[in-house]
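Q: Listed here are the chains, written in short residue letters.
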Amino acid sequence: MSGTSSSATSASPSASAAATGTTRAVPRLRKRREHSAGRPRRSVLLTVLTGLILVYTVVPLLWLVISATKTQEGLADSSGLWFADDFALWSNIHDTFTYHDGIFVRWLLNTLLYVGLGAGGATFLAILGGYALAKFDFPGKRGVFAVVIGAVAVPGTALAVPTFLMFSKMGLTDTPWAVIIPSLVSPFGLYLMWVFATEAIPVELLEAARIDGAGEARTFFKVALPLLAPGIVTVLLFTTVATWNNYFLPLIMLKDPDWYPLTLGLDAWNNQAQTIGGDVIFNLVITGSLLTIVPLIAAFLLLQKYWQSGLAAGSVKE
Amino acid sequence: MRRTTSRLMRGLAVLSVLALGATACGGSDDDSSGSKPVSSGDIQAALKKGGSVTVWAWEPTLKTVAADFQKKYPKVKINLVAERSGDKHYTALSNAISAEKGVPDVAQVEYFALGQYALTKGLSDLAPYGADKLKSKYTAGPWNAVTQGSDKVWGLPMDSGPMALYYNKKVFDKYKIAVPTTWDEYVEAARKLHKADPKVYIANDAGDAGFTTSMLWQAGSRPYKVDGTKVSVDFSDAGAKKYTDTWQKLIDEKLLAPINGWTDDWYKGLGDGTIATLASGAWMPANFVTGVPNAAGDWRAAPMPAWTKGDKASAENGGSSLTLPELGKNKELAYAFVEYANSGAGVQSRVKEGAFPATNAELQADSFLNTEFEYFGGQKANEIFADSAANVADDWSYLPFQQYANSIFNDTVGKAYVGNTKLTDGLKSWQDASVKYGKEQGFTVE
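Chains as they are written, first to last, in the numbering used here: chain A, 1 to 318; chain B, 1 to 446.
No lab work stands behind these hints: they were computed from the structure. Some hints could be false.
Think about it this way: if two alpha-carbon atoms lie no more than 20 angstroms apart in a straight line, the pair counts; the simulated SDA-like pairs of lysine to any residue are [as the list claims (entries may be wrong)]:
id, chain 1, residue 1, chain 2, residue 2
1, B, Lys101, A, Met166
2, B, Lys63, A, Asp101
3, B, Lys268, A, Asp86
4, B, Lys422, B, Ile408
5, B, Lys77, A, Ala84
6, A, Lys169, B, Val103
7, B, Lys230, B, Asp151
8, A, Lys305, A, Pro257
9, B, Lys268, A, Asp77
10, B, Lys268, A, Trp63
11, B, Lys101, A, Trp259
12, B, Lys77, A, Asp256
13, B, Lys170, A, Glu73
14, B, Lys268, A, Asp256
15, B, Lys63, A, Met166
16, B, Lys199, A, Phe83
17, B, Lys329, A, Gly171
18, B, Lys254, B, Thr424
19, A, Lys169, B, Glu100
20, B, Lys268, A, Leu172
21, B, Lys49, B, Ile408
22, B, Lys268, A, Gly80
23, B, Lys268, A, Leu81
24, B, Lys268, B, Lys225
25, B, Lys135, B, Gln348
26, B, Lys268, A, Ala160
27, B, Lys199, A, Ser79
28, B, Lys63, A, Tyr99
29, B, Lys101, A, Glu73
30, B, Lys225, B, Lys49
31, B, Lys170, B, Asp197
32, B, Lys268, A, Asn270
33, B, Lys77, A, Pro257
34, B, Lys101, A, Leu54
35, B, Lys268, A, Leu227
36, B, Lys121, B, Asp394
37, B, Lys101, A, Asp86
38, B, Lys101, A, Val161
39, B, Lys77, B, Gly51
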């Protein structure tokens with residue numbers, strides 16, 4: 001029974017009822033076919049929600065970029081989401097880099113040091129640990145699993161104060177080591193590497209390498225490491241962002257401003273506005289914040305494709 | 001987000017203060033060594049020998065002072081650590097003292113926080129160095145703050161904050177409103193201003209412990225009585241009633257802008273005329289110049305409104321001292337620097353850079369009184385400030401745990417600004433919470 005429009009126009013009321021019934025059925029059928037796999041269903045509600053979230057995420061960034069073009073006076077005089085009369089981005093950038101004898105540059109270098117050694121080291125340790133846990137069997141593995149999962153659940157902030165007391169006993173507070181050493185541990189990175197290594201490295205490949213006479217170290221570096229590349233980038237991104245943005249740990253560990261990372265330094269600048277006789281430099285705080293997130297945005301854009309494939313690893317059974 | 005962080009910081013500050021108390025009790029047996037007098041000859045010899053002094057202080061004019069001092073005593077190196085202030089400064093200081101490592105030789109401590117460090121023996125008594133002979137140099141308010149009714153001197157006053165009323169002349173002129181001289185007139189002016197332009201508020205106040213205690217001070221209230229470890233807290237005296245009656249009107253009629261001080265909104269409001277007056281310390285002009293550059297020429301200073309017409313009583317708001325932490329090193333050098341900065345030649349150069357002195361000589365100098373403030377349209381504002389400094393009652397004291405008390409202000413009195421709680425009830429719950437904490441800390445609280 002084909003419900004065409006010609007049959008719907010025919011006189012009999014029962015036929016017309018049947019026809020309407022069919023005409024209703026056809027689009028329903030077509031709809032179901034439309035949102036299968038390739039062509040997702042369009043939904044006004046979802047579009048609006050996505051739009052709202054887009055505004056929610058983009059507006060602060062836009063505000064930051066626009067505000068970075070204003071002087072201290074312009075910030076107070078103009079609306080937040082449009083430019084002031086004076087375009088001061090270049091002079092703001094210049095001032096940010098030269099204020100207080102160029103301490104911003106020093107903070108930038110400190111941050112790079114902490115990220116390089118801390119995040120880099122954390123990634124390296126996560127690769128080693130994750131690979132070992134994924135591909136070797138040893139007694140107590142379940143215990144290690146429990147500890148790692150437990151450690152993922154403990155926020156770093158909660159450990160900061162005990163770590164401070166421990167480090168101060170060892171005489172390490174107020175040195176760069178106080179920031180670098182705790183950053184070396186990334187339970188989440190280890191877990192991610194573990195899962196990724198389980199999926200990405202076929203056991204047969206390792207066995208083949210061993211049969212061909214490669215030592216464990218050589219098997220790891222020549223065979224396993226290249227296969228782990230997307231996972232490594234993912235973990236590196238996570239640890240980099242975590243170390244780059246870390247505020248609380250350096251806050252309690254460091255007293256000497258010469259060792260501050262950017263987060264603490266910008267906060268110190270911001271606090272000047274709350275100080276008797278302090279220099280109010282909101283324009284430099286804002287420009288400094290913008291400069292601080294530029295490297296992170298660049299890292300995300302450049303490494304995005306590795307990052308996405310890394311996140312999805314293990315989600316589909318082949 | 002901001003709120004969570006600050007709560008976290010508070011928690012941390014409390015934690016470190018507890019730790020500080022514990023270590024201070026343990027390490028106080030060498031108490032007698034500190035009370036040996038140090039002659040000026042000893043200090044001169046130390047200066048000749050040289051060494052380094054680490055100073056934790058955010059006061060911006062100290063940069064020049066440190067440079068001058070090193071020029072005068074080339075063998076001494078002043079290592080000025082200046083990037084932290086407020087809560088973070090005290091957290092770092094308490095942490096260092098409790099860890100007994102990295103304690104600075106000189107630390108800036110605000111008057112309200114001095115009691116805490118003095119009581120836990122975190123600071124050296126400066127009287128043996130000759131600081132007790134400097135009393136006559138300072139105005140009464142700050143000197144009372146660094147001595148706290150004892151013969152010990154916990155620091156030398158660096159600056160002071162006699163209060164004044166700053167007002168936006170442009171706004172007052174526009175609506176033809178007279179500058180209030182009493183707090184009753186102030187309430188009247190608040191009504192008129194807000195009626196003339198609903199966007200204009202007489203002041204911002206979202207609950208600020210420092211401001212409220214200063215207002216109580218001016219109104220003649222003395223809520224805190226401190227005698228060693230015996231303290232009492234009472235917000236029910238006549239002075240407190242004067243303050244709550246007046247301020248409750250402003251809150252009830254929604255005449256206060258709900259803006260927190262020191263935020264970017266606050267600076268914006270001071271600049272665009274939303275906030276028409278500000279009762280604050282004499283150090284404020286420097287912050288006006290850098291924080292509110294677009295309103296240059298709009299603002300003026302006036303004496304604080306009086307509680308009864310003709311009364312000249314004033315109060316202090318803010319201000320800090322330089323202290324010698326007990327665990328610091330190079331004591332003679334450190335003291336020499338503190339004296340240079342706060343009572344010697346350093347004061348002159350700091351005043352030149354906009355600091356407000358605590359010393360009589362500078363406050364009474366013609367050059368100081370005749371300084372014309374470009375920002376205030378050429379007004380000789382120091383005359384008003386100096387007058388205010390002379391009229392500060394010197395019998396005010398803060399709690400030995402004022403830092404903690406201030407940290408819970410918003411959870412208690414702050415409710416009066418946002419809900420149906422009355423200011424009096426808010427103060428009562430602040431009192432109860434302070435008493436409870438004091439008892440827990442081992443104070444005898446009445």
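Q: Tell me if the straight-line CA distance from lysine 77 of chain B to glycine 51 of chain B falls inside 20 angstroms.
A: 6 angstroms, holds
Q: Below or equal to 20 angstroms on CA atoms is what counts here, so check lysine 121 of chain B against aspartate 394 of chain B.
A: Measuring from Cα to Cα gives roughly 24 angstroms; hence the hint is violated.
Q: Sort out whether glycine 171 of chain A lies within 20 angstroms of lysine 329 of chain B, counting only the CA atoms.
A: 18 angstroms, holds
Q: Does the structure keep lysine 63 of chain B and tyrosine 99 of chain A at a Cα separation of 20 angstroms or less?
A: 14 angstroms, holds
Q: Is the straight-line distance between the alpha-carbon of lysine 268 of chain B and that of aspartate 77 of chain A 20 angstroms or less?
A: The given pair, whose Cα atoms are some 7 angstroms apart, holds under the 20 angstroms limit.
Q: Take the C-alpha atoms of lysine 170 of chain B and aspartate 197 of chain B, compute the straight-line distance between them, and say whether it is at most 20 angstroms.
A: With a Cα-Cα distance of about 14 angstroms, the restraint between lysine 170 of chain B and aspartate 197 of chain B holds, given a limit of 20 angstroms.
Q: Holds or violated: lysine 199 of chain B and serine 79 of chain A, Cα atoms, limit 20 angstroms.
A: 16 angstroms, holds
Q: Are the Cα atoms of lysine 230 of chain B and aspartate 151 of chain B separated by 20 angstroms or less?
A: 17 angstroms, holds
Q: Tell me if the straight-line CA distance from lysine 135 of chain B to glutamine 348 of chain B falls inside 20 angstroms.
A: OK: lysine 135 of chain B and glutamine 348 of chain B at ~18 angstroms, within 20 angstroms.
Q: Would you check the hint for lysine 169 of chain A and glutamate 100 of chain B, treating anything up to 20 angstroms between C-alpha atoms as holding?
A: 9 angstroms, holds
Q: Given the hinted pair lysine 169 of chain A and valine 103 of chain B, is their Cα-Cα distance within 20 angstroms?
A: This hinted pair holds, its Cα atoms lying about 14 angstroms apart.
Q: Hint check: lysine 254 of chain B vs threonine 424 of chain B, CA-CA at most 20 angstroms. Holds or violated?
A: Holds, because 17 angstroms separates the two Cα atoms, which is no more than 20 angstroms.
This entry does not satisfy hints 5, 8, 14, 15, 16, 20, 21, 24, 26, 29, 30, 34, 35, 36, 37, going by the numbered hints stated previously.
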